[in-house]
Structure formats: structure tokens, C-alpha cells
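Assemble the whole structure, with the sequences as input and the hints as a guide.
Protein chains: 2
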Amino acid sequence: MARNSIDFKAVILAGGCGERFWPLSTPERPKQFLRVFGGESLIRQSVMRLLGLVRFEDVYVVTSKELVAATRRELPELPSDNVIGEPMRRDTGAAVALGVGEAGSDDRTVVGFFPSDQMVADPRRFRASVKKAVSIASRGRRIVTLGIKPTFPATGFGYVDPKTGSFVEKPDAKKAKAYLKKGYLWNAGMFIAKAGTFRSALAAHAPDLVPLASGRFSAELRDVYEALPKISFDFAVMEKCGGVDVVPGDFGWDDVGSFAAFDTYFPHDSRGNVREGPCTVVESDSNICVARSARISLLGVKNLVVVTTPDSVLVADKSRISEMKKLFKRN
Amino acid sequence: MARNSIDFKAVILAGGCGERFWPLSTPERPKQFLRVFGGESLIRQSVMRLLGLVRFEDVYVVTSKELVAATRRELPELPSDNVIGEPMRRDTGAAVALGVGEAGSDDRTVVGFFPSDQMVADPRRFRASVKKAVSIASRGRRIVTLGIKPTFPATGFGYVDPKTGSFVEKPDAKKAKAYLKKGYLWNAGMFIAKAGTFRSALAAHAPDLVPLASGRFSAELRDVYEALPKISFDFAVMEKCGGVDVVPGDFGWDDVGSFAAFDTYFPHDSRGNVREGPCTVVESDSNICVARSARISLLGVKNLVVVTTPDSVLVADKSRISEMKKLFKRN
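Chain order of the listed sequences is A and B.
So for the first sequence, the numbering used here puts the first residue at 4; every next one is plus one.
So for the second sequence, the numbering used here puts the first residue at 4; every next one is plus one.
Derived by calculation from the structure, the hints in this document are not laboratory data.
Backbone N, C-alpha and C fix where the C-beta goes; we use that ideal spot for every residue, glycine too.
Among the clues, some could well be false.
[Claimed, not checked] Cross-link-like lysine-lysine pairs, in silico, DSS-like; alpha carbons within 25 Å at most:
(1) K135(B) to K321(A)
(2) K135(B) to K305(B)
(3) K305(A) to K135(B)
(4) K305(B) to K328(A)
[As the list claims (entries may be wrong)] Derived list of chain A stretches under chain B, where covered just means 3 residues or more per stretch with a C-beta under 8 Å from a C-beta of chain B:
(5) 278 to 286
(6) 294 to 308
(7) 317 to 323
Structure (C-alpha cells):
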């Protein structure tokens, strides 16, 4: 490597639990494995759009230990040691610390964290933003985040003020509108910094996570995890570290948060229905119809999400898809 | 048989084509094979509720040739020759004539026709009504029909005036109300007469059907059928024969015409949902949910009929279930 090139490693955070796209996604096959957009799985797209900035060997994935094998199959180009299984769920705080420990043995290495289940419409602009963030991170001592230009006053995302670099949690509808007026950006969960910067921030705000981030722990990973709190990296560090550098991003980002994404990414018929797989739709409007096994026949219905898999059939009102968790408590 | 006992044969008309309960019913397994009510299939219930008035050997079934084998399996107690297959669909006119030809070799034999896909809540009262009709038929020269006491001004049934014995076709809503006021009864498609009476009526009003009814035709049954018009027995004979004898029946009759019958015959949960099979129902109201393969999960929906089979998933608004045929044109 040339002396003054930046050593950049990417860590894909793949801890999804498969609830929001159930029954298409399941705990055994969570959202990042969905192939519904663009032919490749979301996790594979998340890796491929970074190529050019990184080589396969520079990409790490942190996922649950149950999903390590499936992730390796999905990303056979990665060195298999680069797919790391967490022994239990401890939210993104632990996952980021583990990723820093694995990818950032040298304090000067820049490590970037990227969710495994997002959509990017324009990968070229995405790479330009990431490259800029990596450059800033390599020269400074702060964590850099990509702030997404909001397209509507979302209440489902946290925000970041690009002027001050301070993070705010998911707002209510009124606050969300105010944030848009103030020019706040969406926190898309992508943060980039030197490994040393991450370690310092963890030492200051989440010392429990330091052993993981330094790769120095004598116990089994399982025992280390057992003792950790469940805490997100946003909450543990980003909201407390007194400001980050923000690189604005405008590259057609979407978190693919629910079946509503089908309405965004698939074409509609003349009555506003989205269809995937064998669907017969008669006198029905504005439905999302995804047939993965048996043929779906709709007659005289509207605003439904209907999904079939060999095991399950979901019929939900579109307005209620954010409440999918209510089904798991019963199933 | 004692000299003055009546020789009574029952013919079950089983020509259903399986559309109205699709996807539970199919052309290969039409409605009469449904087991949803009372545990036994509708066709088996249709036979069993006549026992006492007839022996198994006195029961004939006229069905399509494709369904002969399945019908024999469903009714193994019947002599296999008693299950007769029509080579093609020619409506109930031909089916009745064929039944008279098979069951009524003796002109004095009383033959009764009964649909294969109806519900009777009180078989004891049903048998009493049939017995009365058989007795009247054996002593007279008219066709006797069971007239069902209407429970609402149905537009889906024909009516019979019990005073005059004259038949009227399915009315519009306004006429239906008038018919109820006049004391008209529902025509449930059950008619009983001596074989000779049937043959005379056919000779007078539908001479094309006489060879079938007399069992005297030299050509193959297929060729005989080919030449026949598609015409219902009601239209060919009952509406033209100048009056029938009417035995009023009040035995909890239902024609099980559509999925709406589930609302009538199954218990509801506290929010008005009917469930059969594995169904998870969350914050949903007044749905009919029939899971025959994959589990159904409902979230925030109402007034739907949701049915799963291994091949098909139906999601229809309850108010539209009479329009099920629209789905077949597309499937």
C-alpha cells in the first residue's frame, strides 16, 4: 500500500431479526436476505455498492451466530473469517465495538459501519459521499456520519443537525416538521472514523465495550456478551460524544423499513396494485400482493398487504404494517 | 315388501361445478364434497338424512362422469351402479330425466329428487315432510314439491305459491318482499312424484327428455346428451305443468350458496370473526378465515373472506362473494 493512501475497512451490520417483512423474512432469513429489489439480496447490494472503495478482503460482516453460515453463502467472495457471529443480541453498541476490534487493529485504519438492509438508488453518488467521509475521518478526530437529505418529515428515523453535528432521537410528527425546516438530516446509521477515534469514544462514553473494541478479552465471547448491556451505538456514543462531522448524502436512500417499500420500488397496475408472483386481481385497488407459493386471488378489496409463503399467509391493512410485531406475540 | 307399502327411491342431484366455494371447492371437488358443516360432506349428509325412508340401495346419485369415482368413494354403501355419470352438463332437466329412467322402472315407484349440497338443521322434521310428500305423490297425479318457509326476502331462489302450486322465477328485491307477504315458499329444488307422473310431465312439456326418462334409447348416452338442450327441470317442467302439490317444510334449510354460510353455521369470536384452521387474528373484525394449508395471519382488516388451500389463496370482500365467477375468467 502506498504510504499516504488511507486504509479503509467496511463493516456491515447485519443484526436484523426479520420481523418487519414477515412472512417473507423470518428470524432464520431476515430482511437483509430479501431479494425483492434489484435481484440481489439487500446484504449483497450493501457490499457490492462499496466495491472500488474497498476490496472484498476489507469487508467485514457482524451478524448473529445463527446467521453466519447463511451470510457466508450469500457473500462467498469474503474471507470466511470476516463474517463474525455475535453469540447473542446486544444491539448496535456491542456490534460496532466488535467490528472495530476485528477491522481496526491499527488505530489509523478508518472503519466505516453500514447497515445491511438499506436501498441506495445511486451507488455512484453514495461512494462519493463515503469517500469524502473517509477522507475527513482520516484527517480528524471525530466520528463522521452520512446525513441523508430527508424527503418527508419521517418519525421513524433519528436526525442529525449538520451544523452542530448533534444527534436527536426519533421525533414526533410536529418535531419532525420542525427538524426539516431547520435543515436536519436523517441518521441512516452509517458512521465512519479511525479505529482509534472509535476506541476513544467508547472509552469515554461506553467503557463496558472497550475490551470488545480492542480485541482484548480473555473470556469466551459468549461470556463477554452476557455481561454487556443492550444499548444502541447511537444512544451509547453518538448522542453523547458532543458532536460529529456530517457529510450530507443525497443518493436515493431508503431503509426498506416495511412492506410500504414495495409501493416505492415496484410498478403499479392501473388500479394502484403492486404484484409479485402469481396474482389474480379483480376490481381491487392499491394492494401489495406478493405470492411466493400459492396463487393469490383478490376480489373487491383495497389497501391490503397480502403475502403468501409456503408456511404463512399475511393479510394486513396497509396502514397497520408498522404494527406487524403484534402478530408474533400470537403466533 | 308389503303389498301396500310405497316403493320410494331417492335421487341425489350432484351436478355442482365447484365455483362458489372456490378455492375450497374446485371442479374436481365441488361443493357437495365439502366437509365444513357437521363433519361429513354435504353429499353424504344429503344421503344420510334420508335413511329410514330409504335403504342405501334405494338411493341413486346423478353426477358428472368425472365425479363418479369420487362419489362412489364418498358413498361406499351405495351399489356402485347407483352412481350415474352424465357425459356432459345439460342442467337439471336431463339429470332428472336420467334419474327417473334409472330409479323408476315401475311407473308406481315414487321418485324423489334432492340436491346434494344443502344443509338441513333438523333432519327429523325434514324426513317428516318428505314422508308426507311421498304419501301425497303416491296417491295423486301431480308432482309434489317441498316449499321452504322463507326466513328473508331472498332474490337467489325461485318461489312457489302453496295455494296454486305455481312456480315463479328468482325475483328482484321488491318482488321478493311481495312474495313473502303473499306466503310464497322457497323452491329448494326438491320434487317428488311417481315415475309415471314424471314421464307424463316430460312427455307433455319436454319430449326431448322422454327417452332418457324411460330408459329407452339405443344410442350411446353421450350421443343422446349431445342432442339435448341445456335446460333446468324447473324451467322445462315445473313452471309449465300447471300446478304442483306443495308440502311446506320448516326444517332449517339452507342452500349453502356461498361463504356467507360460514357466518351462519360457525361460532364467532368476540369481534365477529369465524375461524377454521390455524388463524391468527389481530385487531380485525367480521372476517371469515379458513386455513386449509398455511396459517393465516390477519392484522387490522375487516369484512374479508380469506381462504387458503395448498394451491390458492382467496382474499375477497364479503360483500363480493357472489361475484366469485369473475376470478375464474382470469385464473
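We went through each hint and held it up to the structure:
With a C-alpha separation of about 57 Å, the suggested pairing of K135(B) with K321(A) is violated against the 25 Å cut-off. With a C-alpha separation of about 45 Å, the suggested pair K135(B) and K305(B) falls outside the 25 Å cut-off, and the hint is violated. Proximity of K305(A) to K135(B) is assessed by CA-CA distance (about 51 Å); at most 25 Å being required, the pair is judged violated. In summary, the hint linking K305(B) to K328(A) is supported, as the alpha carbons are separated by about 19 Å, within the 25 Å threshold.
Requiring three or more residues with a Cβ within less than 8 Å of a Cβ of chain B, the coverage given for the segment 278 to 286 of chain A holds, as 3 such residues are present. Using a Cβ-Cβ cut-off of 8 Å, 11 residues of the segment 294 to 308 of chain A lie near chain B, which meets the minimum of three, so the contact claim holds. Closer than 8 Å: that is the beta-carbon criterion, and the segment 317 to 323 of chain A has 6 residues meeting it against chain B, so the requirement of 3 holds.
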